[in-house]
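With the hints as constraints, model all of the structure from the sequences given.
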Amino acid sequence: MHNEHIEEHFNNRNVTELDSNYYMVDIADYPTDGWGKFKRVVKRSFRGELFVGLWVVLREMIKFDVHTIQYPAEKMPIGPRYRAVHEMKRLWESDAERCIGCGLCEKICISNCIRIDTKIDENSRKEVSEYSINLGRCIFCGYCAEVCPELAITHGGEYENASDQREHFIMFEDMLTPLDKMKAGTQLEFEGFGAITPHEDERVKKTPLAY
Amino acid sequence: MSKITINIDGKEIQTQEGEYILNAARANDIFIPAICYLTRCSPTLACRLCLVEADGKQVYACNAKSKDGMSIVTSSENIIKERRAIMEVYDVNHPLQCGVCDQSGECELQNYTLEMGVDAQHYAVKDVSRKDIDWGHIHYNPGLCIVCERCVTTCKDMIGDNALKTVPRGADALEAEYKESMPKDAYAMWNKLNKSLIGLTSGEEMLDCTSCGECASVCPVGALVDTHFIYSSNAWELKQIPATCGHCSAGCQISYDVKHTSIENTNEKIYRVMNEWNYVALCGAGRYGFDYQNEVKSKDSAAFAKAIEAFKKADTIKFTSTITNEEAYLLQSLKEKFGYKLVNSEAKAFQTFLNNYSEISGTKLYGYDLEATHNVNFVISVGAALKSDNPNARYALNNSMTVNKGAGLYFHPLKDPVIEGLGKSIMTMYHAPLQEEVVLYLILDLFADKEKLPSDLVNYLASFHSKKTVTVEEIIKEEITEIVKVMKKNEETGEEEEVEEEKKKMVPKKISKEVEVDDNRLLEILGADEKFMEELEKNLAKKDSFALIAGPDLYTHPNSKNLARLLALIEKYSAFEITMIPTLTNSLGVALICELDEVCGEYSVGYNTSGDFTLSALGDGDLDMPAINQQEGTLTSINKRVNPTNAAIGYKGYELNDIANELGLRTELVVDYTPMLPTSKGFKSKNFDDLPNHYDNDGTEHRGYLLDNVAVATSGNESVEKFSDEKMEGTLIYLANPVRQFTPFTSKATNLDEVSGIYMSEEYLSKSDFNEGDSVRVKSKSGEIVVNIVSDNKISGDIALLPTFDSKINSEALFSSYRFATASIQKV
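First to last, the protein sequences are chains A and B. Taking this note's numbering, the leading residue of the first sequence gets 242, the next gets one more, and so forth. Taking this note's numbering, the leading residue of the second sequence gets 160, the next gets one more, and so forth.
By construction, these hints were calculated from the structure, which means they are not laboratory data. All figures in this text were calculated on a predicted structure; none of them were measured in a lab. Mixed in with the good hints, there may be bad ones.
Selected chain B positions facing chain A (Cβ under 7 Å, derived; list incomplete) [to be verified]:
#	residue
1	V259
2	A283
3	T768
Computed footprint of chain B on chain A, listed as stretches where at least three residues anywhere in the stretch have a Cβ under 8 Å from a Cβ of chain B [to be verified]:
#	region
4	338 to 349
5	362 to 370
6	440 to 450
No more than 27 Å apart at the CA atoms, straight line, and that leaves these computed lysine-lysine pairs for DSS-like [to be verified]:
#	chain 1	residue 1	chain 2	residue 2
7	B	K886	B	K845
8	A	K447	B	K354
9	A	K360	B	K290
10	B	K953	A	K447
11	B	K720	B	K953
For every residue, glycine included, the Cβ atom is placed at its ideal position computed from N, Cα and C.
Here it is in structure tokens:
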């Protein structure tokens, strides 16, 4: 089953083939003389199609079936692979931060907008003392999420990053999953760049252990 | 040694007879993988990666010597198999946590794992508990250690501290089937690896050595890391600024690794100092004393105006030798233009000494350098507290003994356990202060070619020799006959009975014999051990190249002129080649460039030393100046090399060139003076930007340029004075710094935390009623100071040390000019 995912299926885009789903749109010739142009104007103006449209609007108005999204009160749902403002995930087991401060995101970032400060903490572990992303420079390419070995930095669905200045920094604390959300078990895994693909288990080679 | 031709992978290359194949390959840009080998040390044979086929036989390139016409293949099917298995073994139980490892990005395990294409693991062994250990300035993580033993090798063969060794790991034995199934070398290497880890020779918990950090520098993985650097930066973020260390005269190649301070502070900061450890070994001051920059917020124009006023008023410029050649030239130009007196007592003493030496030697400079000293097999050191005056001179001495099967002879009044610890082939002679002349006469007596030496000198030396008869005890073998009872079967009766038999036997016997021997009174005057000559003869066996290191004690000695002439005679009439240790960073450069005066005038401007108006890179003067790590320029090293150094971090204030420009010397940059340095003294007319600063793969040093050793006219007078019988006795003090400290600049560095005070050996403290921390009044003929006692286990004997690195302690006040003085020490 997984193999089907691996092979990519492209649509047949060869328009010259007869059995393809493509067909030429029937377009009438463009009028060349004044009379022809006049006839087209009359035909388009008085065909009654205008009233078809007006009827649809009137019908929907009476039925109160409104499709307009009342932004910002209402928002469209965002796809799980959407690449908006970054999030910093926590470990399910311990609620601790996943980020180990390896600096790969900082290294790979093509717009140079990530910076990390690290230090040794009191338990002799590497600690991220500060982490910042300049969203004014970020192009949301997703490389940081893709390179992250711990699935720590991911993209989130937050796309509202209008700011009153060009530089708009987001810090570690802002990105980190809040603890109450963690406790409630509602942290969502990112499915986009960098996420584990479904067939990963079969591709991995196991290291022998002498235990 | 002769030139030979060998063939590696079809390429004909020239090399020296007996050169290791690995070095020959590297010198010709042929890649042979190797982890455990360090260029200037003896081969360890731990990693076995350098396996090659020489004339069809598998050998290790790091310890197989080239022979003429040898044909070498660096890779075969079997070798590839072995190398891949070796890398797999190194990856067994190695944590996959490169993300939190400080070595990541410059890790040889990462590199070779990729190089050998290790994408799966076939071996396993049960791991043992390997917790990280804090050794003080070094942090050891045995979990990451691959036991290549490079740290042990460099500590023994280069540094001479012998502070590290391999210790048992306590792991289970490897599964028996591996012996059959694995490639042979990989198994042998694993079998050894699985039995050991790295530990401290002393058995203590903390590392107690001369703290050079070379072990962490050579570590191919993240097992040994400088404690100050842990988790502060990834290797790839750091920008490397090629430079020259500014702390002592060794002029070591270093790179300052810089990066922004933090997210908030984008100013560059030095995170660590790195070196080309295959070709240069640093000391603790060079490695850890990097943040001595003078941080200045902006140009202080009021102070600058005052400085200009002071320069207009002054008739003297006092300075120290922690300046670049360009600044020295600038000061000399100011002298020529405005007639300032230039006062720098330490450089003046060295300059005078060199001039006196030149009168006999006929050359401006001493003949040898430390690079060459590394390659001889007999080294003498005179007049230097070697480990602290110039750590690289100690490394040269140690390296010559360990790698060339050499021996050393160390003359100094101060007892030094570090020097004694260099090994069995170092002899130490602790003579009394002021007896340096006798030492040089002794060297002449022992090593000079008497047939060529001036005859009055030969006669003078002969006057110390006499014949004496001594009773020696000798053990000879003597034949004796003894009667023993043995059980024998009587053939007639068939019974066992006791029979007496005569047996001849050789037994050792002690006899006393009177023999006539040569009695050398010079040895007696110096207080040499009775066994001295015997031991020396043993040490001199099979020695064919000789070097002598002369230190700063000689330059300030009351009879320094005579000492300089004696040194020149030693160089001329014996096989010894001489290297002199310049007192401070650029004493040699200053001595060559500046005309120095003896005494100060009425109003002085001090540069890094106090004057009526003080310019200081230490941040404590009237006008701030940039420190060496904030400057471009050149420094002249003990190796007679003019090394370029670069600014690692910015400096926002005024520099000496601004003052000079204001006074009427016009150059935009101070390095514009580099090509103007005096060619008559051996400098070359080369632009600063054209000076290289790197090593080639064969170890050739491309750093700046070598000074020409200019010929000096000699009078032909080679007379030397007889030595004076004077020697200092009583309570002695010596002006020297502890290891890792040289000047107030090293004192400013945050990672060098030596406590300052009067240093006394543990032996001294136990014999006297002083205790560590006591405040004492030290009084000599020249002055007195009050300091605290610091116990120092890097010295022994009963001479107390007073440092110069702490500007709060005015140690110099106690000394006239010679580095030793008699003093009274009393508790207050």
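Hint check results:
1. V259: OK, holds: V259 of chain B within 7 Å of chain A, min 4 Å.
2. A283: Holds, because the Cβ-Cβ distance from A283 of chain B to chain A comes to roughly 4 Å (cut-off 7 Å).
3. T768: violated, 38 Å
4. 338 to 349: holds (count 7)
5. 362 to 370: This one holds; 4 residues, not fewer than the three required, reach chain B with a Cβ under 8 Å.
6. 440 to 450: Coverage by chain B holds for the region 440 to 450 of chain A (4 residues, Cβ < 8 Å).
7. B:K886 / B:K845: violated, 48 Å
8. A:K447 / B:K354: holds, 26 Å
9. A:K360 / B:K290: Between K360 of chain A and K290 of chain B the Cα gap is close to 20 Å, so the pair holds against 27 Å.
10. B:K953 / A:K447: violated, 52 Å
11. B:K720 / B:K953: violated, 32 Å
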